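Residue numbers (my numbering), protein chains in the order written: chain A, 48 to 608; chain B, 48 to 608.
Since the hints were derived computationally from the structure, they do not count as laboratory data. Because the structure is a prediction, the values reported are computed rather than measured. Incorrect hints may have been included.
Pairs count within a copy or across copies, as identical chains cannot be separated in the list.
[Said to hold, decoys possible] List time: in silico BS3-like cross-link candidates among lysine-lysine, alpha-carbon distance up to 30 Å:
| no. | residue 1 | residue 2 |
| --- | --- | --- |
| 1 | 547 | 252 |
| 2 | 472 | 575 |
| 3 | 398 | 364 |
| 4 | 164 | 126 |
| 5 | 187 | 575 |
| 6 | 177 | 547 |
| 7 | 177 | 546 |
| 8 | 587 | 575 |
| 9 | 364 | 252 |
| 10 | 496 | 547 |
| 11 | 506 | 472 |
| 12 | 177 | 575 |
| 13 | 546 | 184 |
Protein chains: 2
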Amino acid sequence: MAAPASRSALRALRSVPRPSQRAIRPIPRTCIPPRVRAFSVSVRRRDDASDLSEPGHDVRYTTDLYPELKRDSRFTELKQEHVDFFKKTLEDESAVIDGLSKDATDDLEPFNRDWMKKYRGHTKVVLKPKNVEEVSKVLKYCNDNMLAVVPQGGNSGLVGGSVPVFDEVVINLTRMNNIRSFDDVSGILVVDGGVIMENADNFLKEHGYVYPLDLGAKGSAQVGGNLAANAGGLRFLRYGSLHGNVLGIEAVLPDGTIMNDLSKLRKNNTGYDMKQLFIGGEGTIGIITGVSIQCPQRSKAVNVAYFGLESYEKVQKAFKEAKVQLGEILSAFELMDAESQKMVHSHTGNKRPIEGDHPFYCLIETSGSNGEHDNEKLETFLEHVMGEEIVADGVVAQDGTQMAELWRWREGITEAIGHHGGTYKYDLSIPIKDLYKVVEDTRERLESKQLIGEGKVAKAVIGFGHMGDGNVHLNIPVRQYDHEVEAAIEPWVYEWIQKKGGSISAEHGLGIAKAKYIGYQRDETMLKLMRQIKQLYDPKGIMMPYKYLEGVKEHTGAATS
Amino acid sequence: MAAPASRSALRALRSVPRPSQRAIRPIPRTCIPPRVRAFSVSVRRRDDASDLSEPGHDVRYTTDLYPELKRDSRFTELKQEHVDFFKKTLEDESAVIDGLSKDATDDLEPFNRDWMKKYRGHTKVVLKPKNVEEVSKVLKYCNDNMLAVVPQGGNSGLVGGSVPVFDEVVINLTRMNNIRSFDDVSGILVVDGGVIMENADNFLKEHGYVYPLDLGAKGSAQVGGNLAANAGGLRFLRYGSLHGNVLGIEAVLPDGTIMNDLSKLRKNNTGYDMKQLFIGGEGTIGIITGVSIQCPQRSKAVNVAYFGLESYEKVQKAFKEAKVQLGEILSAFELMDAESQKMVHSHTGNKRPIEGDHPFYCLIETSGSNGEHDNEKLETFLEHVMGEEIVADGVVAQDGTQMAELWRWREGITEAIGHHGGTYKYDLSIPIKDLYKVVEDTRERLESKQLIGEGKVAKAVIGFGHMGDGNVHLNIPVRQYDHEVEAAIEPWVYEWIQKKGGSISAEHGLGIAKAKYIGYQRDETMLKLMRQIKQLYDPKGIMMPYKYLEGVKEHTGAATS
Chain A
48 MAAPASRSAL RALRSVPRPS QRAIRPIPRT CIPPRVRAFS VSVRRRDDAS
98 DLSEPGHDVR YTTDLYPELK RDSRFTELKQ EHVDFFKKTL EDESAVIDGL
148 SKDATDDLEP FNRDWMKKYR GHTKVVLKPK NVEEVSKVLK YCNDNMLAVV
198 PQGGNSGLVG GSVPVFDEVV INLTRMNNIR SFDDVSGILV VDGGVIMENA
248 DNFLKEHGYV YPLDLGAKGS AQVGGNLAAN AGGLRFLRYG SLHGNVLGIE
298 AVLPDGTIMN DLSKLRKNNT GYDMKQLFIG GEGTIGIITG VSIQCPQRSK
348 AVNVAYFGLE SYEKVQKAFK EAKVQLGEIL SAFELMDAES QKMVHSHTGN
398 KRPIEGDHPF YCLIETSGSN GEHDNEKLET FLEHVMGEEI VADGVVAQDG
448 TQMAELWRWR EGITEAIGHH GGTYKYDLSI PIKDLYKVVE DTRERLESKQ
498 LIGEGKVAKA VIGFGHMGDG NVHLNIPVRQ YDHEVEAAIE PWVYEWIQKK
548 GGSISAEHGL GIAKAKYIGY QRDETMLKLM RQIKQLYDPK GIMMPYKYLE
598 GVKEHTGAAT S
Chain B
48 MAAPASRSAL RALRSVPRPS QRAIRPIPRT CIPPRVRAFS VSVRRRDDAS
98 DLSEPGHDVR YTTDLYPELK RDSRFTELKQ EHVDFFKKTL EDESAVIDGL
148 SKDATDDLEP FNRDWMKKYR GHTKVVLKPK NVEEVSKVLK YCNDNMLAVV
198 PQGGNSGLVG GSVPVFDEVV INLTRMNNIR SFDDVSGILV VDGGVIMENA
248 DNFLKEHGYV YPLDLGAKGS AQVGGNLAAN AGGLRFLRYG SLHGNVLGIE
298 AVLPDGTIMN DLSKLRKNNT GYDMKQLFIG GEGTIGIITG VSIQCPQRSK
348 AVNVAYFGLE SYEKVQKAFK EAKVQLGEIL SAFELMDAES QKMVHSHTGN
398 KRPIEGDHPF YCLIETSGSN GEHDNEKLET FLEHVMGEEI VADGVVAQDG
448 TQMAELWRWR EGITEAIGHH GGTYKYDLSI PIKDLYKVVE DTRERLESKQ
498 LIGEGKVAKA VIGFGHMGDG NVHLNIPVRQ YDHEVEAAIE PWVYEWIQKK
548 GGSISAEHGL GIAKAKYIGY QRDETMLKLM RQIKQLYDPK GIMMPYKYLE
598 GVKEHTGAAT S
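All chains, full assembly: derive it from the sequences and hints.
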């Protein structure tokens, strides 16, 4: 980074000419420079691939990871007549990957295993319908014939939801990739469920709008999958939840019913808001084939700053001040602890943005419609938090390259942690005042059990995440997966979360990874109500078996959540 | 208004000193000056009261308005033993208004009639439980004994949902008025369902936050009722839907089950989002007793501008430019047509903000964290829309008083229209490009049938509303309610909306007023899915009979929607 580190960086910013004479970073119509996102995607993929592509290191079947899982014998096994029906119905040769009539292991593999290469199923058939009618026909057929089903979008989920466990039929939405309509006055976009996020966003970019969700996996994740998973991601703080942004959906229920709730209206108070059950429903009650979504204006100006802070109390103060002073332009407030930044430093060897050690670091991003105004707001905020000693030290990026470099100290954490024998990962929501305490308590617990440190199994306890959303990622890199370490963390960490009124899955969902822990989150009444919904829509239980509310009670494999 | 009218007003603004030397309107921490809101509430109430308080002019019973409605004989009639149980259970003397043991007509009247004095029921008992356990006990008892129930909040609804039709038991939430918790770092507020919006907002104001919803009826409307009705209102454009802002609810189901989904987390992906069914559920499947809601920072600065425009195409252009140039600070974009402004002018006699006649007028509000920046943005926007001749003329308020005066040209429409024999009112969502066409087509239709104009029944066809949300209010003031006029509008207007993919109820809900028109909005599949939900939660059908999905097929009274 070209900017001098330490407090002088801030002084330098203050003494530059008034905004009108200063060169504002020319990042027209894009919220965050594309480099950052591209970087992020490639990092995560490379990380896991490098880990697992060594000779002889193949992906274990999910059924090996969870040996106590038994195939539900109510489900029919795939027969030739089923495959024939699918081929006849979907017409196009490429629409059915048939592993029954012939060996198609290699062709099926990308649909059987998830991108993290942690989960792997045994399906023999993948269907790629091209429109809602085809989805309806094949899904109804599966339901009539008791064939279990896994709907699949970009297969970029983090909890093993998007791949089969046994021989479930995969219904993949990739060929449903049309942008159906866009109203450039209202910003309302209607697309097929299989449209890739990045394609939707690129389309919107041409019209000055932005897709209200951003993820590292945007290059593969699909819009329908975003909804099914109720994805959170990087724009949540600014644009809020999909439950608010999605205006309508088209979905196919297990019995083949096409539910047309594809409203293009911001307001429509005419009956129960049925679509909401499908948002975060993880494909358990139907397949989302169409989406209508409200898209905001694309921001013309972006700023990124990086701080060191002396305590978690000061982090909270900084967050509060950011909300007050940056107000409507605050678009990210990310937290990284000292351990996480040490790990990035030792992994990348990059010069640290600020000198000296601090227990906490924050990354703040602003996005607004006027670069000069945003700079002024940021400057005033910086002056305040440094003057009040809320922040110990900080730097502000001067151009897109520096923004990408600063973001790397946040987004590179996963990559840096990945270069160990394994990592216990938890995606937690916690009321902000206790957000970091789970990290401290976990560290203390492993220390008291002498499981962490020089020569021990656990290498560190790391906390980082979306502070602005009350969402922390607790990561414990280990030399190798170890039952003693696992037993020290689980179910203790879920009990901890339960006591604090937090969530055991903030944004990743349940899938197969978290399914068995749902009892730590939801009481029996809520579970009963949820099961009623499942029973109502999917009475035969063909959708997403072994997952979501149907988690196994115990498993003995490594925690891979 | 002190500011000179016409184009010179804008020039005056441009030539004033730079923002830093200019006196910024001192409206600290409040989005819109209190006067405006207070004005709005009092106007609406006064309007209807003056109309109906004339001697001999009493409110008709809903059962007279809808003579075809028959009391459902499955429901038990209220007996002494029921009242005794309620009194014993709720303990407090004032918690039961008992019209069975004695004549309590006057005491019951405020709970039997709605604030518009358009709907009036026959209840003999009102219950005011003070906590969720009491709600649970009385609701379970009603369910066990087949007593029909109407949950009631502030009774400020617009579709007759909040008052009984026959002798339903009223469960009023007024005594559940505690603020349960507030986290001033995250802005998450948890309150009883019976907390009045304005009280919630005043509480938040002290902490620098704002309740993410604003309504004329904020002084009486309750938080639980806001959710049940899925209220939209004046902050929708900026803060979005309750489906996105509400983080959790506590609700009592008809069988007395207490559903605790009162999450205080921004993110929680652990199962179906059950609470969403209750948002906009209009009390048909349970009673909302607690609410957790994400509240945004309160804006420090507010601006209001008022424009005249020559065509609806230019209104659309102005809206698009406002979104681009005002971006994150745009908080309202309201549309008023020439007829609406003529009516306000002739009713109030006030000098018009700008000279000359224009077919359309818009009111724009900005709310932001920095007054100087907001002024500059607004100035640039004004320069652009006037330079490009998108806007023909405009003024900008210089202080809170002027803001209130400008808002009055929007908010005073209802009052102005009210001073006629009656008004046919429709609250419609329409894709923005066709938003105003419904007004033009209605006008043309009444003209072609010679029902409008000098000496005719219909006096005008007026369009105004929340342009930014695609929500128009179509109003037809008449000398008296008239079957010929009504027959010309209905169901024609609903068919029109159906063809355009609009909504027959944007923000007011169904209640009893719109219930019978749901078929114009939702297809049989959606209705079936919705009825399944009703059946699941309220199998005996005790909640809100005769309303929502249970609308009568036809009615012969005046359209009072």
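Cross-check of the supplied hints:
{"no.": "1", "hint": "547 <-> 252", "in the structure": "between (41 Å within a copy, 27 Å between copies)"}
{"no.": "2", "hint": "472 <-> 575", "in the structure": "within (28 Å within a copy, 42 Å between copies)"}
{"no.": "3", "hint": "398 <-> 364", "in the structure": "within (27 Å within a copy, 49 Å between copies)"}
{"no.": "4", "hint": "164 <-> 126", "in the structure": "within (28 Å within a copy, 66 Å between copies)"}
{"no.": "5", "hint": "187 <-> 575", "in the structure": "both (26 Å within a copy, 18 Å between copies)"}
{"no.": "6", "hint": "177 <-> 547", "in the structure": "between (46 Å within a copy, 27 Å between copies)"}
{"no.": "7", "hint": "177 <-> 546", "in the structure": "between (47 Å within a copy, 27 Å between copies)"}
{"no.": "8", "hint": "587 <-> 575", "in the structure": "both (17 Å within a copy, 19 Å between copies)"}
{"no.": "9", "hint": "364 <-> 252", "in the structure": "between (35 Å within a copy, 19 Å between copies)"}
{"no.": "10", "hint": "496 <-> 547", "in the structure": "within (23 Å within a copy, 66 Å between copies)"}
{"no.": "11", "hint": "506 <-> 472", "in the structure": "within (13 Å within a copy, 68 Å between copies)"}
{"no.": "12", "hint": "177 <-> 575", "in the structure": "between (36 Å within a copy, 27 Å between copies)"}
{"no.": "13", "hint": "546 <-> 184", "in the structure": "between (46 Å within a copy, 28 Å between copies)"}
The structure fails none of the hints (numbered hints given earlier).
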